[in-house]
Each structure stands twice: as structure tokens, then as C-alpha cells.
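Fit chain B to the given chain A structure using the hints.
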Amino acid sequence: DSGVTQTPKHLITATGQRVTLRCSPRSGDLSVYWYQQSLDQGLQFLIQYYNGEERAKGNILERFSAQQFPDLHSELNLSSLELGDSALYFCASSASGGALEQFFGPGTRLTVL
Amino acid sequence: AQRVTQPEKLLSVFKGAPVELKCNYSYSGSPELFWYVQYSRQRLQLLLRHISRESIKGFTADLNKGETSFHLKKPFAQEEDSAMYYCALSGSGGSYIPTFGRGTSLIVHP
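Chains A and B, in that order, are what the protein sequence lines are.
For the first sequence, this note's numbering gives the first residue as -17, with consecutive numbering after it.
For the second sequence, this note's numbering gives the first residue as 79, with consecutive numbering after it.
Quick caveat, the hints were computed from the structure, so don't treat them as lab data.
Just so it is clear, the structure is predicted and the values come from calculations on it, not from any experiment.
A couple of the hints might just be wrong.
[To be verified] Below, a list of computed lysine-lysine pairs in the DSS-like style, where the Cα atoms sit at most 30 Å apart:
id : chain 1 : residue 1 : chain 2 : residue 2
1  : B       : 100       : B       : 87
2  : B       : 151       : B       : 135
3  : B       : 151       : B       : 100
4  : B       : 143       : B       : 100
5  : A       : 39        : B       : 143
6  : B       : 135       : A       : 39
7  : B       : 135       : B       : 93
8  : B       : 143       : A       : -9
9  : B       : 135       : B       : 100
10 : A       : 39        : B       : 93
11 : B       : 135       : B       : 87
12 : B       : 151       : B       : 87
Bound conformation, chain A alone (with noise of 0.2 Å):
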């Protein structure tokens, strides 16, 4: 599969604890994208990086940080975690820093307990 990848599919794990999720984005793409998506918020932009390097700052928690490897693929890290938490968290990738055209990965469903 070619396309943006997730891991875990789902994460279940307690208040206070750290987790760390990953996404490989499209053959190709050097822009990865995290979003979360909660149902009282909708789809909300963490945050970017292109080619390594920081582009672009969303509504993205001190508690929460993200980098991307020289592979390209990206992890994102939450730590602290509350039940505020829990959402669908998303990777996009796209091929430049510009966002013109996104692609989706399939989500990370996290369950803060």
C-alpha cells in the first residue's frame, strides 16, 4: 500500500501515561500533516513538517509534540494525557509544504481512560 499509513489503529490507555503515534506517509510526499478530530471540535490542525523541518504550528498542545525522521515518516508524541484527549487523531501527507492536495491516513483512534 502506498498510501499514508497509521499505527496503532486503536490505543486504549490511562490518564497521565505517554503514547506515541506513527505515520508513513506517501511514497513520495515530503509533507506530513497532524490533525485531531474530536466530536465537539471537528478536524483541528496540530501541526506540519516538510522535509524534516517544522513548517507550519496549529492548535497543538505544550503536552504534545511531533517530528519527522529522515525516512519521512512522522511520529507523533502525547504525553500527560488526559481524558480530553481521546479523539481520532490524523496523518496527511502531501507532496510539497504548500497544502494543495492532502492525503488522508485511515486515523488513530486513542481512548484515554
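Just chain B, lined up with the frame of chain A:
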């Protein structure tokens, strides 16, 4: 601040009826606007973007800068159009922060 508003959470129509999903935006510069669609059990995918002025699956959307709108239209809805539709805005000129609306669920009844 840039903002995208989709005033309808749910739009329910019968097959063959015209459909218009509303999208209004707020952006100080020249935005790039998109419609994304998510069919049941599928990924979010790009439906169309204003710069390409194309018709995809019978859908069109015209950017109206005066009314700051980018409504999605289809003259005759089909059952397979049932999905979640998101309007999205991306800044231009170096600011590419994407902003999505909260989505409109379209249900097309047979």
C-alpha cells in the same frame, strides 16, 4: 484568524433532488479552498479545489469572494453521494495552515 463555517450539520435530501452544501470562510488574504469527502468506512479524500475549477462526480463549487463563500453543489443527488463533507481553507503566500469546517453529513434517500 482564518475560519471555515459549515452551518449545516446534517443535510437530508431525496435521490434526484439538487444539493447545496454551504461553506463560508474568513481569511484576510487570497485563500485556497477545498472540499473533502469521507464516505462510510473510507478515508478523508479530496473532492475538489477551487483553483482547478473542475466538476468531480457531478459536484461543482464556485468561490465567491464577495460573499466569502465556497458552496458545493450538485444538480441531482445520488444515493452514493451520502457521506461527510468538509470544506477546508489553506492560506497562501507562505502561510499554509489548513483550517477545516466541522463538516456536513449528507444523506440521500432513495
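Checked hints:
1. For the proposed pair residue 100/B and residue 87/B, the alpha carbon gap of about 10 Å is at most 30 Å, so the pair holds.
2. Simply put, residue 151/B and residue 135/B have alpha-carbon atoms about 11 Å apart, close enough for the 30 Å limit, and the pair holds.
3. For the proposed pair residue 151/B and residue 100/B, the alpha carbon gap of about 9 Å is at most 30 Å, so the pair holds.
4. Between residue 143/B and residue 100/B the alpha-carbon distance is near 14 Å, which keeps this suggested pair within the 30 Å criterion.
5. For the hint pairing residue 39/A with residue 143/B, the CA-to-CA distance comes to about 26 Å; that is within 30 Å, so the pair holds.
6. A hinted pair counts as satisfied when its Cα atoms are at most 30 Å apart, and residue 135/B with residue 39/A does not qualify at roughly 33 Å.
7. At roughly 15 Å between alpha-carbon atoms, residue 135/B and residue 93/B fall within 30 Å of each other, so this suggested pair holds.
8. For the hint pairing residue 143/B with residue -9/A, the CA-to-CA distance comes to about 40 Å; that exceeds 30 Å, so the pair is violated.
9. A distance of roughly 18 Å separates the Cα atoms of residue 135/B and residue 100/B; the hinted pair therefore holds under the 30 Å criterion.
10. For a cut-off of 30 Å, the pair hint linking residue 39/A to residue 93/B is broken: about 42 Å separates their Cα positions.
11. Straight-line distance between C-alpha atoms of residue 135/B and residue 87/B comes to about 22 Å, which keeps the hinted pair within the 30 Å bound.
12. A C-alpha spacing of about 16 Å is found between residue 151/B and residue 87/B, which places the hinted pair at or below 30 Å, so the restraint holds.
The structure is inconsistent with the numbered hints 6, 8 and 10, although it conforms to all the rest.
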